[in-house]
Every structure is written in C-alpha cells, then in structure tokens.
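Here the sequence shown is numbered in our numbering, starting from 122 and rising by one per residue.
A portion of the hints provided could be inaccurate.
Computed list of lysine-lysine pairs in DSS-like fashion (alpha-carbon distance at most 25 Å, straight line) [stated by the list, open to error]: (1) Lys289 <-> Lys241; (2) Lys272 <-> Lys486; (3) Lys314 <-> Lys289; (4) Lys316 <-> Lys341; (5) Lys219 <-> Lys496; (6) Lys285 <-> Lys241; (7) Lys339 <-> Lys422; (8) Lys491 <-> Lys285; (9) Lys254 <-> Lys219; (10) Lys213 <-> Lys297; (11) Lys285 <-> Lys254; (12) Lys392 <-> Lys491; (13) Lys496 <-> Lys414; (14) Lys414 <-> Lys486; (15) Lys465 <-> Lys147; (16) Lys285 <-> Lys204; (17) Lys341 <-> Lys272; (18) Lys285 <-> Lys455; (19) Lys455 <-> Lys486; (20) Lys272 <-> Lys455; (21) Lys311 <-> Lys344; (22) Lys311 <-> Lys339; (23) Lys341 <-> Lys491; (24) Lys147 <-> Lys314; (25) Lys272 <-> Lys213; (26) Lys192 <-> Lys204; (27) Lys192 <-> Lys491; (28) Lys392 <-> Lys465; (29) Lys285 <-> Lys297; (30) Lys455 <-> Lys465; (31) Lys297 <-> Lys254; (32) Lys316 <-> Lys344.
Distance ranges between label pairs, derived from CB positions [to be verified]: (33) Gly243 <-> Leu334: 44 to 54 Å; (34) Gly495 <-> Leu334: 44 to 54 Å; (35) Gln240 <-> Thr161: 19 to 29 Å; (36) Pro151 <-> Ala462: 33 to 43 Å; (37) Lys344 <-> Val484: 20 to 30 Å; (38) Asn338 <-> Lys219: 50 to 60 Å; (39) Ala417 <-> Gly391: 26 to 36 Å; (40) Asp478 <-> Tyr283: 43 to 53 Å.
Bear in mind the hints are in silico, worked out from the structure with no lab data behind them.
Quick caveat: nothing in here was measured; it's all calculated off a predicted structure.
Even glycine gets a Cβ: it sits at the ideal position worked out from N, Cα and C.
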Amino acid sequence: MKRYLVSIAVSLLLCAGGFVSVANAKLDGPIRIAVVQDLTGPTSVIGIGEKNAAVLAAEQLNNSGLLENAKIELIVEDSRGTKEGAVNAFQKVISRDKVVAIFGPTLTVQGFPAHPIAQKAGVPTVSASNVGKGITAIGEYIFVTSTPEYKLMIPNLVDTVYPKLQAKRVAAIQAKDQDWCIDAVAAYAKAFKSKGVELLGVETFITGETNYLAQLNKIKELKPDAIIVAALFQDSGLIMSQAREIGIPASVPFLGTVGMNNPKTVELAGKAAEGALFGTTWHPSAPGTVSQKFVADFRAKFSAAPDHFSAQAYDAMLMLGHAIRNANTTTDRKAIRDAMANLKGVPGVLGEPIRFDGERHLVAKPFVLKIHNGKFERYE
C-alpha cells in the first residue's frame with residue numbers, strides 16, 4: 122500500500138473565494154488527517170480526483186492562518202479499489218498514525234466494512250462518494266458529503282423527466298456487487314411505480330466486466346421505453362455503447378446514476394451516450410463564487426476538469442477545517458465530531474452555505490443533467 126505524507130498549514134476558505142485570519146486562536150501542533158482513496162485499480166480515476174481536490178483545498182487553506190500555528194498532516198493511503206485495501210488502510214492510519222480524522226474511502230462497498238473500524242475507535246470520518254443506503258447509520262462518527270441518491274436525486278429525476286419521457290415500461294441493468302447500484306434501481310422502481318410505470322426486469326453484472334451483450338439482448342426483447350443503468354462510469358459507458366450496437370434504438374433513453382457523472386462516460390460511450398439522463402447536485406457550470414473558483418483552481422493545478430466527486434471531496438476538507446477550528450482542538454476526536462455535526466454557514470462548492478442534515482449527509486439541491494453533443498448539460 123502506497124503511503125504519502127503531505128504537511129500543510131491549516132487555514133479556512135470563508136466567503137467569496139477569499140481567506141480571512143482569526144485572531145486569538147489557541148491551536149498549535151500537528152493535525153493528522155488520513156486520506157484513504159483508490160489511487161490504483163479500476164476506480165482510481167475517482168479516488169485520484171478526490172485526493173487531488175482534498176490536497177487543493179488543503180493548500181488553499183494554508184494561507185488563512187485560521188488555526189494559527191497548527192498544521193494539518195495529510196497521510197494518504199491507497200485503498201486500491203478493494204474492500205480489503207480500505208479496511209487495512211483504516212486500521213493502519215488509526216493504530217499507527219493516530220489520525221484525528223479520516224477522509225474516505227472511495228466506494229460504498231468499501232465504506233460498509235471500513236467505517237465500523239473508525240466508529241469503534243471514535244474517529245470522525247467523512248466520505249465524498251459513499252452514496253449507499255444506511256452508510257451513516259453505521260454510527261455517529263460517519264459523515265458524507267454525497268447526497269443520498271436513492272432518497273433525493275432519483276425521485277427528483279423521475280419527477281422532472283416523466284412529463285416529457287412518458288415511459289410506460291422500463292428495464293434495468295445494475296452492478297450487483299455495488300450496494301448503491303442496487304439501492305438506485307430500487308429507488309427508480311419505487312418512483313416509477315408511483316407514476317404507473319412498470320419495471321419489466323433487472324439484469325445484473327459484476328463491476329469491471331466488458332461484455333454485457335447477454336444482458337442487453339434480454340432487455341432488448343422486453344422492448345422497454347427506457348433503460349436504467351446503475352453502474353460506475355466505465356461500465357455505464359460500455360453498456361450504452363453495446364446497447365446501441367445490438368440495435369436498441371436511440372429513442373430508448375438511458376437513465377443513469379451518479380456513476381455516469383464523469384467525462385470518461387462519454388469517452389467510452391461515444392454517440393451512444395446522447396440523451397442519457399442522471400441526477401446530481403453539482404456541475405462545473407454551477408453558479409457561486411466558491412464553486413467557480415474551485416473549478417478554475419482545479420483546472421490550473423491538475424490540467425483537468427473536476428467531477429462531482431472532486432467537488433464533494435473539496436467540501437469535505439473545508440468542513441473538516443471548520444470543525445477543527447470550532448472545536449478548538451487538534452487531538453480531541455469527539456469534540457471534532459460534535460463540531461462537524463453542528464456546522465452551519467460554511468461556504469462551499471455545493472452550496473453557500475453547506476451543512477449536514479440529521480443523518481450526517483450533506484444538504485444540497487438536486488437537479489438533472491443530460492448528455493448532449495458529448496457534453497453534460499442541465500436538463501430543463
């Protein structure tokens with residue numbers, strides 16, 4: 122497992138993309154925060170983006186002097202896209218590195234076995250991409266800056282697009298090894314049922330497969346009006362491409378999940394992605410001073426556009442900084458947890474301000490994106 126150490130002075134992004142110092146702070150010494158993300162493996166494009174956003178936020182926090190002489194030490198561990206990698210990383214940073222907080226892991230399926238370790242040790246943990254049902258129910262030390270897709274984004278998508286879609290029959294294909302994908306299809310089924318839409322059937326696969334023709338041919342025989350695709354970007358892109366190749370017409374749109382919210386989805390699907398719809402709470406074109414500054418700074422530093430998960434990662438680090446300052450401690454994990462739960466008025470990328478709800482999910486407003494001419498556009 123790769124280990125990196127980045128030491129940065131703590132600071133705080135406040136309003137209008139600027140920084141202000143706080144006088145009379147009493148904090149001093151190191152603040153050890155672990156970043157546990159997939160830096161290698163099939164989901165590294167998500168993990169690297171999240172790690173980069175966390176580092177960017179930390180570097181920008183460096184100039185405010187909010188925490189006076191205290192310094193954050195980011196201890197970065199590669200969870201390698203596996204449950205075992207995440208579990209091992211959590212155990213290591215808690216027992217060896219004595220971290221005061223953890224940012225990660227990358228996937229929901231990693232979070233379910235890893236978060237209980239942090240909960241038992243009393244280490245506050247915030248994830249940017251654990252969207253599965255029940256993830257924060259693990260315990261009061263678990264926070265997520267991802268809005269629960271099954272509860273908010275999918276119902277909103279169905280309500281938004283149904284008047285124009287007018288589908289009567291839908292089919293689904295899902296990654297059966299991803300809890301959040303199963304939750305997503307169940308949410309779609311519930312939302313469509315309320316509209317009188319029938320779910321004809323659900324085909325399954327394992328994340329990382331490259332041939333979905335058997336499942337797609339079964340779906341083609343059902344003649345659905347729309348197809349739900351619950352998968353990460355690499356699977357979503359190939360599924361859409363192969364569906365069009367076998368003759369599923371462009372008049373049958375794809376309805377996706379947050380897994381589609383990555384530019385590589387379009388790279389893999391090509392023209393087959395045209396018209397695909399999915400819910401989100403952020404896009405690089407989103408208004409707001411903090412959001413637009415984040416996009417510009419991310420592009421400048423990494424020569425790439427940030428995705429939805431990177432935005433959530435950036436906000437996760439900002440909220441950790443706020444919580445540490447409000448708790449006025451560099452070592453008291455419970456005080457930091459309590460401060461996280463009570464944060465209010467924090468200006469962030471996903472909203473100005475941002476905060477956690479009673480279940481420790483980030484509060485954000487959902488909307489729908491459509492893939493049009495190879496780009497993500499807001500669906501109106």
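Checking against the hints above, which ones are violated? Hints 1, 5, 6, 7, 9, 10, 11, 16, 17, 18, 19, 20, 24, 25, 26, 27, 28, 29, 34, 36, 37, 40 not satisfied by this model.
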